[in-house]
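So the sequence lines, in the order shown, correspond to chains A and B. Position one of the first sequence corresponds to residue 0 (numbering that gives the first Met the number 0), numbered consecutively onward. Position one of the second sequence corresponds to residue 0 (numbering that gives the first Met the number 0), numbered consecutively onward.
Keep in mind that the hints were calculated from the coordinates and are not lab data. As the structure is a computational prediction, the values presented were derived from the model and not from experiment. Check before you lean on any hint, since a few could be wrong.
Because identical chains share one entry, a pair is satisfied inside a single copy or across any pair of copies.
[Stated by the list, open to error] Here are the simulated SDA-like pairs of lysine to any residue, each with C-alpha atoms no more than 25 Å apart in a straight line:
no., residue 1, residue 2
1, LYS251, GLU281
2, LYS251, ALA286
3, LYS251, HIS283
4, LYS251, ARG69
5, LYS61, LEU129
6, LYS251, LEU68
Number of protein chains: 2
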Amino acid sequence: MTLPNSSAIDGSPDRPVRIGLLGCGTVGQAFVRTISGQGETIARASGRRLEIGPILVRDTSKPRDGIDLRQLTTDPQDVLRDPTVDLIVEVMGGVEPTGTYLRQALQAGLPVVTANKQLLSRHGAELLALAQSSGTELRFEASACAGIPVIKVLRESLLAAEIFAVTGIVNGTTNYILSEMSRGGMSYADALAQAQALGYAEADPSEDVGGADAAAKMAILASIAFHTNVHFDDVPFEGIDGLHGEDFDLAKDLGFVIKLLGVARLVDGGISVRVHPALVPESHRLAAVRGADNAVLLESGTVRQIMLVGPGAGGTETASAVLADVLSILGTAQGSFLQNALADAGRPLLSPDQTESAFYVRLRVVDRPGVLARIATVFANSGLSIRSVIQRGEGDGARLVLVTHMGSEARMNAALDAMRDMEEVRGEPVLLRLLAEEGA
Amino acid sequence: MTLPNSSAIDGSPDRPVRIGLLGCGTVGQAFVRTISGQGETIARASGRRLEIGPILVRDTSKPRDGIDLRQLTTDPQDVLRDPTVDLIVEVMGGVEPTGTYLRQALQAGLPVVTANKQLLSRHGAELLALAQSSGTELRFEASACAGIPVIKVLRESLLAAEIFAVTGIVNGTTNYILSEMSRGGMSYADALAQAQALGYAEADPSEDVGGADAAAKMAILASIAFHTNVHFDDVPFEGIDGLHGEDFDLAKDLGFVIKLLGVARLVDGGISVRVHPALVPESHRLAAVRGADNAVLLESGTVRQIMLVGPGAGGTETASAVLADVLSILGTAQGSFLQNALADAGRPLLSPDQTESAFYVRLRVVDRPGVLARIATVFANSGLSIRSVIQRGEGDGARLVLVTHMGSEARMNAALDAMRDMEEVRGEPVLLRLLAEEGA
């Protein structure tokens, strides 16, 4: 078996792949920035360079970082009929006229990547059939849960895994609001206002808090998981705008937290898909998903439960999913991009001595005045700063536990050697490392 | 742009894709069962049927379910040189002679799918380069974390996401043992014995408990995440066999749990990869990963944190990952399999009335003898069984919360209608649903 080696875009891999962009809001601009900032990685991985061609916008006079004003147009045909365009990326949103534009692109054999859940949850099956009959591809990872690659996992990794349930926290705005309401007893109005102030909620939050956004995503996820066309109108939904504070307290008394869940299940060969607030047992893994995060729990006959957790929204996150789709299309066409992805970036391996951690050290010492001071001096001399200490008497000695701030293995080894040399230290000190704090 | 339409396997899509199997232990047999059990789904998704050709085994006389003894051979050349074989699946394990067999297959242009972490973590870069120079593919999802599609996510979805940290619980045996030790204060020896009795640990558990298994997986994950060849020998590792019970107690006092972590980080452009027991803050998402589950936390500049959780071992789980790789290779060759994946399986949509949940109902009632009895009768008459009740006096009335066992929406709606008609009920009852219990 030989893999197809033909680049379907162009005979010459030296020519960049030219992307026609429909829309240039937050996601579009993040996508343009990513293409330019990650150019080297993309080229190494896909064997091709990407470049942004014509861009459809509403207002061509508004300046956008890194974009030449001459690329902007208000005429969709400047993008769709441009013979130099290899691939369409749609981040303008809305059902129409967007659907008309994408149909035209697919009919012309142009691959399309879209982030549009409204469109996909209403016309996905038709657009996919059109892509297939035109011999091209439609990809839409960013249309559900932005940064979480749940669509690729469902479409490719779990294609034959007999999925019987998809349960998701698929709206970050409402999960943020619900987390604040359960945590601090905040009212719905206050939590919403806070979410708006932090940019987690739109000025008009009705799509999110009313449940329609989650319903669109669940229609898309259920369609793929169950290989059946589920339309937005097939998904009954309730939002969180009718929840009362007292139900949070009562749920807590009963051992539950309240989450807005999308629930898609196979029941006796039929499909049930819904979105509603739900009581989730405190010990359940979905209960631990807090803040603006999304999570999708996939239950299957062959792989039991898989959960994917991550950011469900955001400009760079959505742009990253769009880029992954673009690279997958190139990969499909090029065959070998996965090998290129492993091309050596030439990063050096650090010696273990250079690695930094915070450390936990437990040791037994004789119970004698000044021992703790001497141990603390050993740490100080090695340049390690102590975060907490537990000392407890044990017979004629004491057990001493020290937790440090971040420091190198080399410093810690020096401190261990010094302690081994101390006559007050009995036996071998026990060393454990702490998980590095986020961002540390 | 037109996608390649050529099937590189054979001109006729009617001919099944024939798989040569190296090894037929637990994973191999689960793979054969999956191919036969999921034949229809696979055919619909990939447009091709899969069939098992010759199988390399040690003992051809041992009967295996669903396998014709004539397929079995002890001569590797019967598999590698069979001209009817389209693709090699390797589930025999070990570094040699397996590596020699796979080199021969790749040189002959045969795509290879392997679950072999020992081999990949030592010769992965060489084998990938060989696949590329031979114009074929090497896939190895099952070599790290079995059922969790972390390799596809890293190689494809997060290819350009600037990953800077991969932190994982990548060995289920040790996570099971550590979970039992923290939960019940069980000793290491008892927890290990229990893991062995339940099939979570091998008779010789040294690869798992000593950390070598996790180190091999981290070498593979770090290589892909950082686009750099990390060899098994580059990964210092410590296991859990030296841990003391008292450190679990002390860690708990300090607000931590102990996990065996694989930690791969980019530090100042260099790579650090290690495996060691670590103190993880109780509130951290990795602390919540219990039992034999695996979890991988991916941190990146563009998508912040993504976590994937799922089964890290098991025959059907590993076989499912192998099958996903096979389908990805067919998909790459066929171009359009992703559209086929959405071909309508013709499942009916259930009406919302048919959907089952457990329910939470809160209502206000007048404080009068017999009210709870009448409400309970309404539930009973609707065929809904009550799991718990909270009643609390409020002024001249009472607040009543009822939680039911599973029942249909239709039954719940009937009960709500009956309660609305009761003169003792004030205002509109509040209805919430419970997340369905696993397996319910």
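Now the hints, each set against the structure:
no., hint, verdict
1, LYS251 to GLU281, "both (8 Å within a copy, 20 Å between copies)"
2, LYS251 to ALA286, "both (12 Å within a copy, 22 Å between copies)"
3, LYS251 to HIS283, "both (14 Å within a copy, 21 Å between copies)"
4, LYS251 to ARG69, "neither (58 Å within a copy, 62 Å between copies)"
5, LYS61 to LEU129, "neither (35 Å within a copy, 50 Å between copies)"
6, LYS251 to LEU68, "neither (55 Å within a copy, 59 Å between copies)"
This entry does not satisfy hints 4, 5, 6, going by the numbered hints stated previously.
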